[in-house]
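**Q** Next come the chains, spelled out residue by residue.
Protein chains: 2
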Amino acid sequence: MEIKIIENVLKLNDEVAQQNRHQLREAGVTCINLIGSPGSGKTALLERTLEMLGSDLAVGVLAGDMATTRDANRLAAFTPHVVQINVGKSCHLDANQVRQGMNSLDLTALDLLIIENVGNLICPVGFDLGQDVKVGMFSATEGDDKPAKHPYLVLEAGLLLLNKIDLLPHVPFDVTRFREDVGSIREGIPLIELSAVTGDGLDVWCTWLRRLCNERPSTDKQPCCEPGAVL
Amino acid sequence: MEIKIIENVLKLNDEVAQQNRHQLREAGVTCINLIGSPGSGKTALLERTLEMLGSDLAVGVLAGDMATTRDANRLAAFTPHVVQINVGKSCHLDANQVRQGMNSLDLTALDLLIIENVGNLICPVGFDLGQDVKVGMFSATEGDDKPAKHPYLVLEAGLLLLNKIDLLPHVPFDVTRFREDVGSIREGIPLIELSAVTGDGLDVWCTWLRRLCNERPSTDKQPCCEPGAVL
Chain A
173 MEIKIIENVL KLNDEVAQQN RHQLREAGVT CINLIGSPGS GKTALLERTL EMLGSDLAVG
233 VLAGDMATTR DANRLAAFTP HVVQINVGKS CHLDANQVRQ GMNSLDLTAL DLLIIENVGN
293 LICPVGFDLG QDVKVGMFSA TEGDDKPAKH PYLVLEAGLL LLNKIDLLPH VPFDVTRFRE
353 DVGSIREGIP LIELSAVTGD GLDVWCTWLR RLCNERPSTD KQPCCEPGAV L
Chain B
173 MEIKIIENVL KLNDEVAQQN RHQLREAGVT CINLIGSPGS GKTALLERTL EMLGSDLAVG
233 VLAGDMATTR DANRLAAFTP HVVQINVGKS CHLDANQVRQ GMNSLDLTAL DLLIIENVGN
293 LICPVGFDLG QDVKVGMFSA TEGDDKPAKH PYLVLEAGLL LLNKIDLLPH VPFDVTRFRE
353 DVGSIREGIP LIELSAVTGD GLDVWCTWLR RLCNERPSTD KQPCCEPGAV L
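In the order they appear, the protein sequences are chains A and B.
Sequential numbering from 173 applies to the first sequence in my numbering.
Sequential numbering from 173 applies to the second sequence in my numbering.
Rather than coming from a laboratory, the hints here were simulated on the basis of the structure.
Among the clues, some could well be false.
[Unchecked claim] Pair ranges (Cβ atoms, derived):
1) Thr-280/B - Asp-372/A: 52 to 60 Å
2) Arg-242/B - Lys-183/A: 32 to 40 Å
3) Glu-223/A - Thr-370/B: 33 to 41 Å
4) Thr-240/B - Gly-360/A: 19 to 27 Å
5) Leu-327/B - Thr-241/A: 17 to 25 Å
6) Pro-252/A - Gly-260/B: 37 to 45 Å
7) Met-224/A - Leu-327/B: 37 to 45 Å
8) Glu-198/B - Glu-187/A: 35 to 43 Å
9) Gln-191/A - Thr-280/B: 23 to 31 Å
10) Arg-349/B - Asp-372/A: 41 to 49 Å
11) Gly-226/A - Gly-298/B: 38 to 46 Å
12) Thr-370/B - Arg-383/A: 39 to 47 Å
We put the CB at the ideal spot given by N, CA and C, even for glycine.
Let the hints inform the model, and build the full structure from the sequences given.
**A** Okay, structure coming up:
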């Protein structure tokens, strides 16, 4: 009984996610689902990203958090298309919450929708939201062992980011070990090393986003989670 | 139906947690449940803690992670009483996993059992494991907004730690704002600011642990999660 109910919850989520995906593609909007730990720098990265993309792409953001509107307030300085979703005691965004957030945005005005998931390396991984690509975010201050300890994110993501590389001189972090662990879990997955503070690597990230928008899949049958499909 | 099943799962967990608490107190073992983000420095803190406590207290550790035995391997250099619990795709430890871990330890040889929960600021908060106190851990590299975004941890914990204060000169972090947010959620909760790398603040933390072990509650009716009960 319990397993059946959990299956039903996931099935319902997947159905709504597929509706989200269809609606986004009908509107010509590419969508990424950004997943990382609390404090990995997701909002800081989005501030710099919105600044760098400028008028190249019209970007909307759905910002998930347990509480507060702090992320949306920060991002509202860079785009008018931002919605905060407070999940209370829940540990991830679900497709229905994203649907409600989408309903608050004018999708016809957007090229790209970025879903900033709740800060959590585990629970968000299993919930399809209707994105084209899941982007997994680590940071140098979390230690080099995080991909090995969170293999499911590495397996599900279409791109990995390593943020806060400006702090590498100040923390114990073996970049070679980090890259080897990533490669041993999922050979060939693209990895961009960057710093939202110094701006290092942000050009590569913004180029990746522009390409993703230009090469947006034309059907809603399959999310392009395979690196080969989006790079 | 769904709500009832979730209630039953939590009720069963709480029953096993209460058995764990009873068994630990019968054996004279104080127990803390350490909760923090991935990469907040839980294992690094425990390495230094075990080193500093030395022969003062006999400490056992149950280390939770999705995958790998890296944490237990690191801690085994400092104590023979360490068990790794891999939770797979789960996002927190539950009382039954802790029970199994306890069964692998000789409780009569221990003064203190530290449960290092799975790296996650959200899901572990709601699951009683049988601990005397939940300890919530933040770190300076995660940003000063984390208590405000994760109020349930602040409300449930008997002590908060702010780790990585050695990195404060290199990151945007307003210590005053952090303290004010904590105080506005839960006035009077004790907070220890420390660095597992430089050792700053570790003496205060170890003194807190020694006092907790000395003042261990003698009944198993109530976990001492209130700060007044343990300090």
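**Q** Could you run down the list of hints and mark each one as holding or not?
**A** Here is how each hint holds up against the structure:
no.: 1; hint: Thr-280/B - Asp-372/A: 52 to 60 Å; in the structure: 54 Å, holds
no.: 2; hint: Arg-242/B - Lys-183/A: 32 to 40 Å; in the structure: 35 Å, holds
no.: 3; hint: Glu-223/A - Thr-370/B: 33 to 41 Å; in the structure: 35 Å, holds
no.: 4; hint: Thr-240/B - Gly-360/A: 19 to 27 Å; in the structure: 22 Å, holds
no.: 5; hint: Leu-327/B - Thr-241/A: 17 to 25 Å; in the structure: 20 Å, holds
no.: 6; hint: Pro-252/A - Gly-260/B: 37 to 45 Å; in the structure: 42 Å, holds
no.: 7; hint: Met-224/A - Leu-327/B: 37 to 45 Å; in the structure: 39 Å, holds
no.: 8; hint: Glu-198/B - Glu-187/A: 35 to 43 Å; in the structure: 50 Å, violated
no.: 9; hint: Gln-191/A - Thr-280/B: 23 to 31 Å; in the structure: 58 Å, violated
no.: 10; hint: Arg-349/B - Asp-372/A: 41 to 49 Å; in the structure: 27 Å, violated
no.: 11; hint: Gly-226/A - Gly-298/B: 38 to 46 Å; in the structure: 43 Å, holds
no.: 12; hint: Thr-370/B - Arg-383/A: 39 to 47 Å; in the structure: 43 Å, holds
When held up to the earlier numbered hints, the structure conflicts with 8, 9 and 10 and fits the remainder.
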